[in-house]
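Residue numbers (the working numbering), protein chains in the order written: chain A, 191 to 526; chain B, 485 to 812.
It is worth saying that the hints were derived from the structure and are not from the lab. Certain hints may be false.
[Unchecked claim] One side only, chain B facing chain A, incomplete, derived with CB under 8 angstroms:
#, residue
1, E526
2, E556
3, L699
4, I727
5, G737
[To be verified] From the derived model, a few chain B residues whose C-beta atoms are all more than 12 angstroms from chain A:
#, residue
6, A487
7, S512
8, F513
9, E566
10, E605
11, D629
12, A746
13, Q749
14, P760
15, A783
16, K788
17, G793
18, G796
[What the hints assert, rightly or not] Restraint-style ranges between C-beta atoms, simulated for each label pair:
#, chain 1, residue 1, chain 2, residue 2, range
19, B, R630, A, I482, 39 to 45 angstroms
20, B, G503, A, L284, 54 to 60 angstroms
21, B, E688, A, T507, 46 to 52 angstroms
22, B, E791, A, K194, 56 to 62 angstroms
23, A, T507, B, R630, 34 to 40 angstroms
24, B, M568, A, E447, 50 to 56 angstroms
Cβ coordinates follow ideal geometry from the N, Cα and C atoms, glycine included.
Listed below are the residues making up each chain.
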Amino acid sequence: MTNKPLLTVNGLVKHFDISGGFLDQLRFSEGKFSRKRTVVHAVNGVSFEVRQGETLSVVGESGCGKSTLARTIIGLYPPTSGTILYKGARVDDLSPKAMLPYRAKMQMVFQDPYASLNPRMRVNQILDEPLRLHFPNLNAIQRAERIAAVMDQVGVRPGWATHYPHEFSGGQRQRISIARALMADPEFVVADEPISALDVSIQAQILNLLMDAQDERGLTYLFITHDLSVVEHISARVAVMYLGALCELAPVRELFEAPRHPYTRLLLSAIPKLGGERRRSARIQGETPTPINLPPGCVFHVRCPFATDLCRVEAPTLQDYGGALAACHGLEENRI
Amino acid sequence: MAALLTVNNLNVVFSMRFGDLRAVNDVSFSLESGQRLGLVGESGAGKSVTGFSIINLISRPGRIASGSITFEGRELTTLSPEEMRKLRGDRISMIFQDPMMTLNPVLTLGAQMTETLLAHENITRRQAEERAVETLKKVYIPSPDRRLGQYPHELSGGMRQRIIIAIALLTNPSLIIADEPTTALDVTIQAEILDLLYELTVNERMGLILITHDLAVVSQVTERIAVMYGGRIVETGPTMAVIDNPSHPYTRGLIGALPESAGGQRRLNQIQGAMPSLYHMPSGCAFHPRCPLAMDVCAKETPKLCETGERGTLTACFKTAACEAASL
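Only chain A is shown next, with the shape it has when bound in the complex (with noise of 0.2 angstroms):
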């Protein structure tokens, strides 16, 4: 593992206009006719760089903007602001055609294999697409070849190749879904809560699959999850995000010893541990915010028990505190 960074993200922000038609963005009150947009600001300003061969991981709970993030990083939303570079090129302002041969190196597994494979395409039929797109110079025999090679790393006997992806369980799916993303031979690849939606023993499966991959093809992940034992077994640095802003970025083993901001400290402790003591875990109080209704200042204040009047105005920015980044007005004034 080198120190150079694959890919860069500069202040990245993704917002949705979710105000509907004209009609639906009229208010009336006080006698007068006014529009109203309702945007759900998803990222806002998340900066960091995932360094060639490393797993970085984001974590964070629902709505906190960790998907949406993974997206506009491969493409599949165009970012309001900000930019993307990979290996110091702009990557977010280029046109479809531009943009091919990064699709080729940056590739996406799915949350849900059972939404994320097409029906009505056989497994061969669904590999061989990314091989006709990225690799035109290939006749049928060899892209056959290099699908039951592929089939044949990730666990699946290709054998199978003629079968649909409703004969399949989810764990084999989900090999398939990898399988796909790994068959344009990527460098870097996005995998969004891989392994959310399957059982307790095939979650083990997967997550060898995905780093016996990675040993074999010097692959680098962004690795999109809220399961924090996961994160702690596979990833060399993590992210933290709460309500579209990165609350914490440090090295794996930092932040699980001595995680500095206060929103990762409330996530660590609420784990459950197999077998560890119970905790009580603090109490939120209130309802929490979302993202169409951000609250000023540091997002976290509403729910952070050492709140003080700067954090309800003013947002805290990324400091370095020894390799590991926190953005927490408390860390800042030392009184946390």
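Following the hints, put chain B in place on chain A, whose structure we already have.
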């Protein structure tokens, strides 16, 4: 102390055109007041069907083929639908997985909460509303009196699940069956809900059956555990004894596959293969095709639960516990 609930040799069968599918096979367990039992297993293990069959929520083509369920001294399998209806939501309450699906989106929370009380008790609407507010306080809902007029969509997932728990508590049941109550929730909210369930069983001396696939959750909340595989209980005992010293190869595999059991090594231990479907249930011990310790006999005969030597735990395995074969 007399048991609150005793399930004996329960068999649940789904009759299909091509034959019977046995979803629950010879399942027996018991629970005392204030005790918390975890039913653990992966999808298809039969844990939810077991939970549902206690209050007879099994609908055709499924039926309880044999076995007995005794609750507070009454046999439940022979109750008339009317008697069962009176018991359900009154003495035994159920909490389901998805708080988005369980509440009716077009009724206010007040209407949904008082409905249960008005159905089971002879009280006025005003009294029912007072009881509802009282119960909301018990589950730590902020500003409870304001909530009765609200609709489910106005609340977050964690708040909705607390409302559902409140509905389950309204009639002071002596048993709560919670089917994956925290699976749809975020970890910080999950921790809150688990704390709440734990506290309620201690303070109100309610029995709790927690159905889940998450061993860590079970180990935090329950005192006893029953691990299910292929419709049978394969191992049961005090939770910590089973988790610290599992004897069934499936329980060992399940615990061994967790990242925290990897003990510094990069590759995780994995169980080969996948849970069999009811259509293709293997002969003998259902786990034998995936079992690293399987012997010839495992493919032919099904082991009966027997003592393991570990205090109070039972397991069903020919290899690790030398159990007898179950008579068919």
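Quick rundown of the hints versus the structure:
At about 4 angstroms, the closest approach between the beta carbon of B:E526 and any beta carbon in chain A falls short of 8 angstroms, and the interface hint on this residue holds. About 29 angstroms separates the beta-carbon of B:E556 from the nearest beta-carbon of chain A, more than 8 angstroms, and the hint is not met. Interface hint at B:L699: satisfied, since its Cβ lies 6 angstroms from the closest Cβ of chain A, which is below the 8 angstroms cut-off. A hinted interface residue such as B:I727 counts as satisfied when its beta carbon comes closer than 8 angstroms to some beta carbon of chain A; here the least separation is about 5 angstroms, so the hint holds.
Interface restraint check: B:G737 against chain A, minimum CB-CB distance 6 angstroms, threshold 8 angstroms, status holds. Taking the minimum C-beta to C-beta distance to chain A, about 25 angstroms, the non-interface status of B:A487 holds against the 12 angstroms cut. The beta carbon of B:S512 is kept farther than 12 angstroms from every beta carbon of chain A, the shortest such distance being approximately 25 angstroms. At roughly 21 angstroms, the least C-beta separation between B:F513 and chain A is larger than 12 angstroms, which holds for a residue marked as non-interface.
Taking the minimum C-beta to C-beta distance to chain A, about 39 angstroms, the non-interface status of B:E566 holds against the 12 angstroms cut. No Cβ of chain A approaches the Cβ of B:E605 within 12 angstroms, the least distance being about 31 angstroms, so the stated non-interface status holds. For B:D629, the shortest C-beta to C-beta distance to chain A comes to about 16 angstroms, beyond the 12 angstroms cut-off, and the non-interface label holds. With a cut of 12 angstroms on Cβ distances, B:A746 falls inside the contact zone with chain A, its closest approach being about 6 angstroms.
Not every Cβ of chain A is farther than 12 angstroms from the Cβ of B:Q749; the closest lies at roughly 10 angstroms, contradicting the non-interface assignment. Non-interface status of B:P760 relative to chain A is broken: a Cβ of that chain comes within 12 angstroms, the nearest being about 10 angstroms off. For B:A783, the shortest C-beta to C-beta distance to chain A comes to about 20 angstroms, beyond the 12 angstroms cut-off, and the non-interface label holds. For B:K788, the condition that its CB be more than 12 angstroms from all CB atoms of chain A holds, with the nearest at approximately 24 angstroms.
With a least beta-carbon separation of about 20 angstroms from chain A, B:G793 lies farther than 12 angstroms from that chain, consistent with its non-interface assignment. Here B:G796 stays apart from chain A, with its beta-carbon at least about 16 angstroms from theirs, past the 12 angstroms limit. Taken as a hint, the range 39 to 45 angstroms is violated for the pair B:R630 and A:I482, whose Cβ atoms sit roughly 21 angstroms apart. The hint said 54 to 60 angstroms for the Cβ distance between B:G503 and A:L284, and at roughly 58 angstroms that hint holds.
A hinted range of 46 to 52 angstroms for the beta carbons of B:E688 and A:T507 is consistent with their spacing of about 48 angstroms. A hinted range of 56 to 62 angstroms holds for the C-beta pair B:E791 and A:K194, which are about 59 angstroms apart. At roughly 38 angstroms, the beta carbons of A:T507 and B:R630 sit within the given window of 34 to 40 angstroms. As the Cβ distance of B:M568 to A:E447 is approximately 53 angstroms, the hint placing it in 50 to 56 angstroms holds.
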